Amino acid sequence: QKEVEQNSGPLSVPEGAIASLNCTYSDRGSQSFFWYRQYSGKSPELIMFIYSNGDKEDGRFTAQLNKASQYVSLLIRDSQPSDSATYLCAVNPSGGSYIPTFGRGTSLIVHP
Amino acid sequence: DAGVIQSPRHEVTEMGQEVTLRCKPISGHDYLFWYRQTMMRGLELLIYFNNNVPIDDSGMPEDRFSAKMPNASFSTLKIQPSEPRDSAVYFCASSSTLAGGSNEQFFGPGTRLTVL
Chain A
390 QKEVEQNSGP LSVPEGAIAS LNCTYSDRGS QSFFWYRQYS GKSPELIMFI YSNGDKEDGR
450 FTAQLNKASQ YVSLLIRDSQ PSDSATYLCA VNPSGGSYIP TFGRGTSLIV HP
Chain B
5 DAGVIQSPRH EVTEMGQEVT LRCKPISGHD YLFWYRQTMM RGLELLIYFN NNVPIDDSGM
65 PEDRFSAKMP NASFSTLKIQ PSEPRDSAVY FCASSSTLAG GSNEQFFGPG TRLTVL
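Protein chains in written order, with my numbering: chain A, 390 to 501; chain B, 5 to 120.
I should point out that these hints are in silico values taken from the structure, not numbers from a laboratory.
Here the structure is a predicted model, which means the values were calculated and not measured.
Any given hint might turn out to be false.
Now the in silico label distances, taken between C-beta atoms and shown as ranges [claimed, not checked]:
| no. | chain 1 | residue 1 | chain 2 | residue 2 | range |
| --- | --- | --- | --- | --- | --- |
| 1 | B | ALA76 | A | GLU394 | 29 to 39 Å |
| 2 | A | ASN442 | B | THR101 | 39 to 49 Å |
| 3 | B | VAL16 | A | GLY443 | 13 to 23 Å |
| 4 | B | VAL16 | A | SER401 | 48 to 58 Å |
Taking lysine-lysine and the BS3-like style, the derived pairs with C-alpha atoms no more than 27 Å apart in a straight line are [as the list claims (entries may be wrong)]:
| no. | chain 1 | residue 1 | chain 2 | residue 2 |
| --- | --- | --- | --- | --- |
| 5 | B | LYS28 | B | LYS82 |
| 6 | B | LYS72 | A | LYS431 |
| 7 | A | LYS391 | A | LYS445 |
| 8 | A | LYS445 | A | LYS456 |
| 9 | B | LYS72 | B | LYS28 |
| 10 | B | LYS28 | A | LYS431 |
| 11 | A | LYS431 | B | LYS82 |
| 12 | A | LYS456 | A | LYS391 |
| 13 | B | LYS72 | B | LYS82 |
Yeah, the Cβ is synthetic: ideal placement off N, Cα and C, and Gly gets one too.
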């Protein structure tokens, strides 16, 4: 069973702070990693994906991947109340399947 | 494009009744996925199709669940008979390619199912 683990939270940060969301995965051969954002009552939407070790930045979002330690993280700089949502980590397994396994998500609350 | 379309958005039914959920994927997408989301279990993949053919239905919880994709623009998920533990949000998602790992999934708005 390939697993993707996330702390369910909630993670509460003040407006303007950096929010750090973490995800670990069990399949060492995983190659592709995704972060989806899901607002309450809405559907998930992709915000970041990363394939290579290191950092990938997109605006206020930075995805960090460390394959040796089998974790991927999402940093949100200058957090805004509008960032309050559940963040789902998804991992493509090894073995040629590109069907991602989703974590259960971390709830983020950004308070003014 | 209108995105992935699901209907109905809300469904309330009584235990034992048949429930049919519908999905129209994004035009040109060749993969279609059905998910179920609950607080307890998170987002679970039930079944996925490639070019209208079911590829993996190992996530379908029981024989009460069935899914079809008669053509590239339509899929159904049926529960017969429904039970209260089937209450959840059911998402349909589609994607256009799985090659190279570029497999962003586009989710529909979901169907919130309540079985009394």
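Hint by hint, here is what the structure shows:
Taking the beta carbon of each, ALA76/B and GLU394/A are about 36 Å apart, inside 29 to 39 Å as hinted. For the pair ASN442/A and THR101/B, the beta carbons lie near 24 Å from each other, so the given range of 39 to 49 Å is not met. For VAL16/B and GLY443/A, the Cβ-Cβ distance of about 48 Å falls outside the hinted range of 13 to 23 Å, so the restraint is violated. A C-beta distance of roughly 34 Å is found between VAL16/B and SER401/A, which places it outside the suggested range of 48 to 58 Å.
The straight-line distance between the Cα atoms of LYS28/B and LYS82/B is roughly 15 Å, inside the 27 Å bound, and the hint therefore holds. Between the alpha carbons of LYS72/B and LYS431/A the distance comes to roughly 25 Å, so the proposed pair stays at or under 27 Å and holds. A threshold of 27 Å between alpha carbons decides the hint, and for LYS391/A with LYS445/A the separation of about 25 Å falls inside it, so the pair holds. With a C-alpha separation of about 14 Å, the suggested pairing of LYS445/A with LYS456/A holds against the 27 Å cut-off.
Proximity of LYS72/B to LYS28/B is assessed by CA-CA distance (about 12 Å); at most 27 Å being required, the pair is judged to hold. Between LYS28/B and LYS431/A the alpha-carbon distance is near 18 Å, which keeps this suggested pair within the 27 Å criterion. This hinted pair checks out: LYS431/A and LYS82/B have alpha carbons roughly 22 Å apart, not beyond 27 Å. Between the alpha carbons of LYS456/A and LYS391/A the distance comes to roughly 15 Å, so the proposed pair stays at or under 27 Å and holds.
The straight-line distance between the Cα atoms of LYS72/B and LYS82/B is roughly 9 Å, inside the 27 Å bound, and the hint therefore holds.
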